[in-house]
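*Asks:* Spelled out from the first residue to the last, the chains are:
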Amino acid sequence: MSKEILVRYDRCVGCRSCEMACAVAHSESRTLAGTAMAGEKPAKRIFVHQIRDKKIPINCRHCEEAPCVDACIAGAMRRKADGVVTNVGGDHECTGCWMCVMMCQYGIIRAVINERKAVKCDRECFEEQEDIPACVHACPTGALIYGSVDQFGMERQKEFLIKAIS
Amino acid sequence: MEHVIIGNSAAGLSAAATLCQSKPNAKISIVSDEIHPAYLRCMLTEIVEGKKDLKGIGYHVPAVHASKNLTLHLGVRAEKILLDEKRVCVSDGNTIPYDRLLVATGAIHHSLGIDNESIEGVSPFRTYDQAAGIARMAGKNKHAVVIGAGLTGLRVAQTLNRMGLKVTVVDQASRLLESQLDRESARLIENELYRYGIRFMFDCAPESFLTASYGDVLAGVGLDTGKELKADLAVIGAGVRARSGLVENAGGDTDLGIRVDGHLKTSLPDVYAAGDCVEFRQPGAVSRSFLSALWPFAVEQGRVAALNMLGFDRTYPVPLEKLNATQFGDIPIVSAGKMEGWDDNPVYRDRNGTYRRLFLKDGCLTGYVLMGDIDRAGIYTEAIKRKLPLNGLQKKLLKGNITICDIMNLK
Amino acid sequence: MEIKSIDQSTQKMIQKAESDGVELVWDRLEAQQPQCGFGQLGVCCRNCNQGPCRIDPFEDGASRGVCGATADTIVARNLVRAIAAGAAAHSDHGRDMVQTLYHSARGDISDYPIKNEAKVVAVASEFGIPTESRSPREIALDLAEAMMDEFGTRKEELQFVNRVPENRRELWRKLGIMPRGIDREVVESMHRTNMGVDNDHVSLILQGLRTALSDGWGGSIIATELSDILFGTPGVVRGSCNLGVIDKDQVNIIVHGHEPSLSDIIVAAAQEPALLKEAEDAGARGINICGMCCTGNEILMRHGIPVAGNYLQQELAIVTGAVEAAIVDVQCIMPSLPEVAGCYHTKVFSTSPKAKFPGAEHVAFVEQDAMNIARQIIQKAIANYPNRDHEKVNIPDDRMNYMAGFSTETILGALGGSLDPLIDAIKTGSVKGVAGVVGCNNPKYTQDQGHSIFVRELIKNDVLVLANGCNAIACAKDGLLVPEASAEAGDGLKAVCESLKIPPVLHTGACVDISRIVTIAAAVGNALGVDIADLPLVGAAPEWMSEKAVSIGAYVVGSGIFTILGTVPPVLGSKNVTELLISGAEEVVGATFAVEEDPQKAAELAVRHIEKKRTGLGI
Chain A
0 MSKEILVRYD RCVGCRSCEM ACAVAHSESR TLAGTAMAGE KPAKRIFVHQ
50 IRDKKIPINC RHCEEAPCVD ACIAGAMRRK ADGVVTNVGG DHECTGCWMC
100 VMMCQYGIIR AVINERKAVK CDRECFEEQE DIPACVHACP TGALIYGSVD
150 QFGMERQKEF LIKAIS
Chain B
0 MEHVIIGNSA AGLSAAATLC QSKPNAKISI VSDEIHPAYL RCMLTEIVEG
50 KKDLKGIGYH VPAVHASKNL TLHLGVRAEK ILLDEKRVCV SDGNTIPYDR
100 LLVATGAIHH SLGIDNESIE GVSPFRTYDQ AAGIARMAGK NKHAVVIGAG
150 LTGLRVAQTL NRMGLKVTVV DQASRLLESQ LDRESARLIE NELYRYGIRF
200 MFDCAPESFL TASYGDVLAG VGLDTGKELK ADLAVIGAGV RARSGLVENA
250 GGDTDLGIRV DGHLKTSLPD VYAAGDCVEF RQPGAVSRSF LSALWPFAVE
300 QGRVAALNML GFDRTYPVPL EKLNATQFGD IPIVSAGKME GWDDNPVYRD
350 RNGTYRRLFL KDGCLTGYVL MGDIDRAGIY TEAIKRKLPL NGLQKKLLKG
400 NITICDIMNL K
Chain C
0 MEIKSIDQST QKMIQKAESD GVELVWDRLE AQQPQCGFGQ LGVCCRNCNQ
50 GPCRIDPFED GASRGVCGAT ADTIVARNLV RAIAAGAAAH SDHGRDMVQT
100 LYHSARGDIS DYPIKNEAKV VAVASEFGIP TESRSPREIA LDLAEAMMDE
150 FGTRKEELQF VNRVPENRRE LWRKLGIMPR GIDREVVESM HRTNMGVDND
200 HVSLILQGLR TALSDGWGGS IIATELSDIL FGTPGVVRGS CNLGVIDKDQ
250 VNIIVHGHEP SLSDIIVAAA QEPALLKEAE DAGARGINIC GMCCTGNEIL
300 MRHGIPVAGN YLQQELAIVT GAVEAAIVDV QCIMPSLPEV AGCYHTKVFS
350 TSPKAKFPGA EHVAFVEQDA MNIARQIIQK AIANYPNRDH EKVNIPDDRM
400 NYMAGFSTET ILGALGGSLD PLIDAIKTGS VKGVAGVVGC NNPKYTQDQG
450 HSIFVRELIK NDVLVLANGC NAIACAKDGL LVPEASAEAG DGLKAVCESL
500 KIPPVLHTGA CVDISRIVTI AAAVGNALGV DIADLPLVGA APEWMSEKAV
550 SIGAYVVGSG IFTILGTVPP VLGSKNVTEL LISGAEEVVG ATFAVEEDPQ
600 KAAELAVRHI EKKRTGLGI
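In order, the protein sequences belong to chains A, B and C.
Residue numbers for the first sequence follow numbering that gives the first Met the number 0, so the first one is 0 and each next one is one higher.
Residue numbers for the second sequence follow numbering that gives the first Met the number 0, so the first one is 0 and each next one is one higher.
Residue numbers for the third sequence follow numbering that gives the first Met the number 0, so the first one is 0 and each next one is one higher.
Rather than coming from a laboratory, the hints here were simulated on the basis of the structure.
Mixed in with the good hints there might be a few duds.
With a cut-off of at most 30 angstroms between alpha-carbon atoms, the simulated DSS-like pairs for lysine-lysine come out as follows [said to hold, decoys possible]:
#, chain 1, residue 1, chain 2, residue 2
1, A, K54, B, K394
2, A, K53, B, K394
3, B, K395, A, K53
4, B, K321, A, K157
5, B, K384, A, K116
6, B, K394, B, K384
7, C, K3, C, K391
8, B, K141, A, K79
9, C, K443, A, K40
10, A, K157, B, K386
11, C, K353, C, K154
12, C, K600, A, K40
13, A, K116, C, K574
14, A, K162, B, K398
15, A, K79, B, K50
16, A, K54, B, K384
17, B, K67, B, K264
18, C, K276, C, K379
19, B, K321, A, K116
20, B, K85, A, K116
21, A, K116, B, K26
22, A, K157, B, K395
23, A, K162, B, K395
24, A, K53, B, K384
25, A, K157, A, K79
26, B, K26, A, K54
27, B, K384, A, K79
28, A, K40, B, K139
29, B, K139, A, K162
30, B, K22, A, K157
31, C, K574, B, K398
32, A, K54, B, K395
33, B, K67, A, K162
34, B, K50, B, K26
35, C, K493, A, K40
36, A, K54, A, K116
37, A, K79, B, K54
38, B, K139, A, K116
If we strip away everything but chain A, and leave its shape as in the complex, we get:
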């Protein structure tokens, strides 16, 4: 059973630590101070939205029939055996055609224009000897958790999201 980043919406306080940790984990130096000192501008791949009085972290759902995978005309985006949808480390490189950006209804794929590369949650953020993603690690309230889910669970996640925002 694959592991997913699950959200307990009622616990999110909107500190955006996850966003920053995600960006830093995708930087060259991989430390906050180092990133700031070097003037790096890494792109985050998780977003905390404010919907009325609620704070809603939105990240990639790693969809089973992922529109971004369908959309990839370069053959870079794919769903790996562990269920992670990524355009990193496959046969082909991302060429920045932005088709996936256009297709993702969650709006979580970013166009990094100067690198001509689409970036998204790719789980390339684990610290050495850590077995949780940077955003989960960074969450001070336990709003983000990293756990196994079955299909039913994934559906429930979507239900939770809908309930959380309505």
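Place chains B and C on chain A using the hints.
*Replies:* Here is chains B and C on its own, set in the frame of chain A:
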């Protein structure tokens, strides 16, 4: 059960992958008139530019590769469907039996109707062989005329420009990307490409291909305005038509392309169709037919058709008529839906070159153009699909801070 | 961080706390992880209620606060507010000393006689107060009143600024950072950082420097000088330190915080036969007063009272299970102390009207009744002795001897009455330069490791170290405050230390006494006729955490001394502010900050800087 798929590209291979995954023992035959293994068609500019070879743009579908029950017939044309016998006649003289047939024959370039269209120096841009031919003919400082200022034409023009050719794009329309962009955004792209050295001639069409004194080799392009353009290379980047003949000849319902029902089934028994050869029609009396002609939709349709062929009941909603993402020069673009002015078409511009225009009808989003900052474009696409009144979300869509939560909340 | 502390006693007590089920500062640090990145970079602003606002450091979100403030503005405002808070802490401490002197001079209080009459005359002379044929009390009254004016707003320049070489004073005037009233600068900083006032980061940082200078050359110096006047100027003393000073057979009283007023009286009261008798009756062998942090430094400097530890050991002293009372005043006192004390029999007494602690017993300290209050608290401690649970007692045996008490006067005395021998030693190169090393502990860094490595490396390179605050205690525990430690020094420094019989690291006092270091620096500059910035000096705060350290760092840099910070300040969110602090300031005040978390590399930076300044002076 025998599954036969005609076509070895996005729709065909997506269908094959779905068949292999859902029914590992399913027998599958793929027939393709191209001799080459499957490739990523949208990457053909890489071939022109010599950045990649055929292998480098290979279309790998792991599930298909792994299958032991799949037969690939390459360089073989499907010529006729024998409905009664449930067989497909192919060009090597064989007939292949099927229980379910998927027609995923794609599209082909439309002839310009000029006599000597096939002389050396003139080429359409649709297949690997054509791309490789253009690569051979292209050279630094040569003059190139690209016919068609649509997405394909401009991509080729940009590629040739990068390679050092002097590129002129001609189009019958009065501006580029007429069906993808509104006037203002089209102007921005034109300026951007002009900055890179590409020249444009609008409101004109090629009338003749002029040949060199020493033989049947392109020397220029004659326009219907009387003007003649020097040309060592002319690329036909416009005019695509669905390859629907196979179904049409078998008595199937076709028009612009192959007509299908909500399960991607043609009017012929046990014959399905998917990809660029299929026509769709939005529900409603006044709507007209269109070809979907988009890689992601072809992949989707292949998957849905395959599931239906296997007996699952999967409906396929009519896709968006227009949906495109690309980048010209330094400007990324995403556009979707109808580019017509309805109630209003509000626009947002900022100093960083961000441009967003919305097209609305009855308070619903029907189309958009995003340029510069294109993040979250998928949310706009979703907003069009939902066909719900925006209820004040217009500002957020313009400013670019729309979230999926906002769209999910629409009622 | 591999280990929490290099101090064995700390390590032992952390283990004990764990088995006793006591939550310590390190546990709370862990519970705070991850700490907010916006805060770490200094790009969050809560200065008005349009916010809170945050600037995205990666230009991937908001680049301005609601009001329009940029990262530069926000980082600078936050930094200036930290300086103002730090300056306020030192200066308010100074004001308390002025109040005490004032009441003592008026004869309102009897427990604080003027102990150092010569210094009253000396300091009063600086203020232009007539001293001829007047009683010390008369002079002191005028001095107290004059010093009260230093806090006000009527002056254009503070009095102690006159100790600074003229060329530096001229520079301050030119830059508009000459400190005026002590309170005024803090107030102006708060005004300027209020929503919609000063938004230019350079202008803000200059005001930050002025505020810091009002601390270094105002509030702190007043605190130091008046403490010397009221409690005596420190002379060479010897004693011992670390948690091992807690005595299992005595009534142990920890005095913790920063002001010497109460602790000094407690030291005296604890020697009263009546109280000693009470302690004996309770079954104890005596009353053991132990210092902690800078209150510890104050009484250590003047009485050789043992010091139980520095900042990160305040909870651990209680964890020994052998502390009857922890008496606290102000600054650097963890609000967790009553909670930790609740796991043992220890009673925590808060004493300052400015600092109350939920869970502690408040015994209001008033100077008019100081001795009685001191007695009263000691009696409570004695009464608590029988409650000690001997099962829970485990005192680490770590203790180290020290030599301390190096006030400016003590140093002059050791040098034979003049700075010349030190200046000569610097000229000849036997002493390459002088480093003022200060500052706290910080649980994010291995306790005392930064202090120890940095200071050892400096003395090895013949740099004389003047240690203050928690750094001094770290050095003491590490065995660096004894003359024998000169064995670790380079040959030049070793020879100087051996001939003067002093340690290579001189304990100059509490963190408020860093004024002593800048006073000495100014005196050396005046003696050589050069600016402070030209001297082979460095400042450093290897493990700093308090806002006071920010103010100290800023006045040390503002005074022209290159300063190395061992923990990263929350400014990196603004490239402009960061660059101003680490390089641009050189053009402005002739000194910069450096940030270096690796103490070894920090020491290399310091030595390189000293070499550069020596070359500049042609020595």
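*Asks:* Work down the list of hints and note, for each, if the structure agrees.
*Replies:* Each hint, compared with the structure:
Proposed proximity of K54 of chain A and K394 of chain B is supported: the alpha carbons are some 20 angstroms apart, at most 30 angstroms. As the CA atoms of K53 of chain A and K394 of chain B are separated by approximately 20 angstroms, the hinted pair is consistent with the 30 angstroms bound. Using a Cα cut-off of 30 angstroms, the hinted pair K395 of chain B and K53 of chain A holds, with the two alpha carbons roughly 17 angstroms apart. Proposed proximity of K321 of chain B and K157 of chain A is supported: the alpha carbons are some 28 angstroms apart, at most 30 angstroms.
Annotation: proposed proximity of K384 of chain B to K116 of chain A holds, straight-line Cα distance about 26 angstroms (limit 30 angstroms). Between K394 of chain B and K384 of chain B the alpha-carbon distance is near 19 angstroms, which keeps this suggested pair within the 30 angstroms criterion. Distance check on the hinted pair: K3 of chain C and K391 of chain C sit about 23 angstroms apart at the alpha-carbon level, within 30 angstroms; holds. Between K141 of chain B and K79 of chain A the CA atoms are separated by roughly 45 angstroms; this puts the pair beyond 30 angstroms, and the hint is violated.
Taking the CA atoms of K443 of chain C and K40 of chain A, the gap is near 26 angstroms; set against the 30 angstroms cutoff, the hint holds. Taking the CA atoms of K157 of chain A and K386 of chain B, the gap is near 21 angstroms; set against the 30 angstroms cutoff, the hint holds. Straight-line distance between C-alpha atoms of K353 of chain C and K154 of chain C comes to about 28 angstroms, which keeps the hinted pair within the 30 angstroms bound. Between K600 of chain C and K40 of chain A the CA atoms are separated by roughly 27 angstroms; this keeps the pair inside 30 angstroms, and the hint holds.
Of the supplied pair hints, the one linking K116 of chain A and K574 of chain C holds, its CA atoms being roughly 27 angstroms apart against a limit of 30 angstroms. Simply put, K162 of chain A and K398 of chain B have alpha-carbon atoms about 26 angstroms apart, close enough for the 30 angstroms limit, and the pair holds. At most 30 angstroms may separate the alpha-carbon atoms for a hinted pair to count; K79 of chain A and K50 of chain B meet this at roughly 27 angstroms. The suggested pairing of K54 of chain A with K384 of chain B holds, with an alpha-carbon distance near 26 angstroms, which does not exceed 30 angstroms.
The suggested pairing of K67 of chain B with K264 of chain B holds, with an alpha-carbon distance near 27 angstroms, which does not exceed 30 angstroms. Distance restraint check for K276 of chain C and K379 of chain C: the Cα-Cα separation of roughly 14 angstroms lies within the 30 angstroms cut-off, and the hinted pair is therefore satisfied. A hinted pair counts as satisfied when its Cα atoms are at most 30 angstroms apart, and K321 of chain B with K116 of chain A qualifies at roughly 23 angstroms. This hinted pair does not check out: K85 of chain B and K116 of chain A have alpha carbons roughly 46 angstroms apart, beyond 30 angstroms.
Of the pairs offered as hints, the one joining K116 of chain A and K26 of chain B is violated, with about 38 angstroms between alpha carbons and a cut-off of 30 angstroms exceeded. Between K157 of chain A and K395 of chain B the alpha-carbon distance is near 23 angstroms, which keeps this suggested pair within the 30 angstroms criterion. Between K162 of chain A and K395 of chain B, the direct Cα distance comes to roughly 22 angstroms. Compliance with the 30 angstroms bound is thereby established for this hinted pair. For a cut-off of 30 angstroms, the pair hint linking K53 of chain A to K384 of chain B stands: about 26 angstroms separates their Cα positions.
For the given pair, K157 of chain A sits about 22 angstroms from K79 of chain A by alpha-carbon distance, which is consistent with the 30 angstroms threshold. Taking the CA atoms of K26 of chain B and K54 of chain A, the gap is near 50 angstroms; set against the 30 angstroms cutoff, the hint is violated. Of the supplied pair hints, the one linking K384 of chain B and K79 of chain A holds, its CA atoms being roughly 28 angstroms apart against a limit of 30 angstroms. A threshold of 30 angstroms between alpha carbons decides the hint, and for K40 of chain A with K139 of chain B the separation of about 37 angstroms lies outside it, so the pair is violated.
Pair hint K139 of chain B plus K162 of chain A does not hold up; C-alpha atoms about 60 angstroms apart against a cutoff of 30 angstroms. At most 30 angstroms may separate the alpha-carbon atoms for a hinted pair to count; K22 of chain B and K157 of chain A meet this at roughly 29 angstroms. With a C-alpha separation of about 28 angstroms, the suggested pair K574 of chain C and K398 of chain B falls inside the 30 angstroms cut-off, and the hint holds. Taking the CA atoms of K54 of chain A and K395 of chain B, the gap is near 17 angstroms; set against the 30 angstroms cutoff, the hint holds.
For the given pair, K67 of chain B sits about 46 angstroms from K162 of chain A by alpha-carbon distance, which is inconsistent with the 30 angstroms threshold. For the hint linking K50 of chain B to K26 of chain B, the alpha-carbon distance of about 37 angstroms lies beyond 30 angstroms, and the restraint is violated. Under the criterion of a C-alpha separation no larger than 30 angstroms, the hint pairing K493 of chain C with K40 of chain A is inconsistent with the structure, at around 50 angstroms. Taking the CA atoms of K54 of chain A and K116 of chain A, the gap is near 29 angstroms; set against the 30 angstroms cutoff, the hint holds.
At roughly 22 angstroms between alpha-carbon atoms, K79 of chain A and K54 of chain B fall within 30 angstroms of each other, so this suggested pair holds. Of the pairs offered as hints, the one joining K139 of chain B and K116 of chain A holds, with about 28 angstroms between alpha carbons and a cut-off of 30 angstroms not exceeded.
Hint compliance for this structure: hints 8, 20, 21, 26, 28, 29, 33, 34, 35 are broken, all remaining hints hold.
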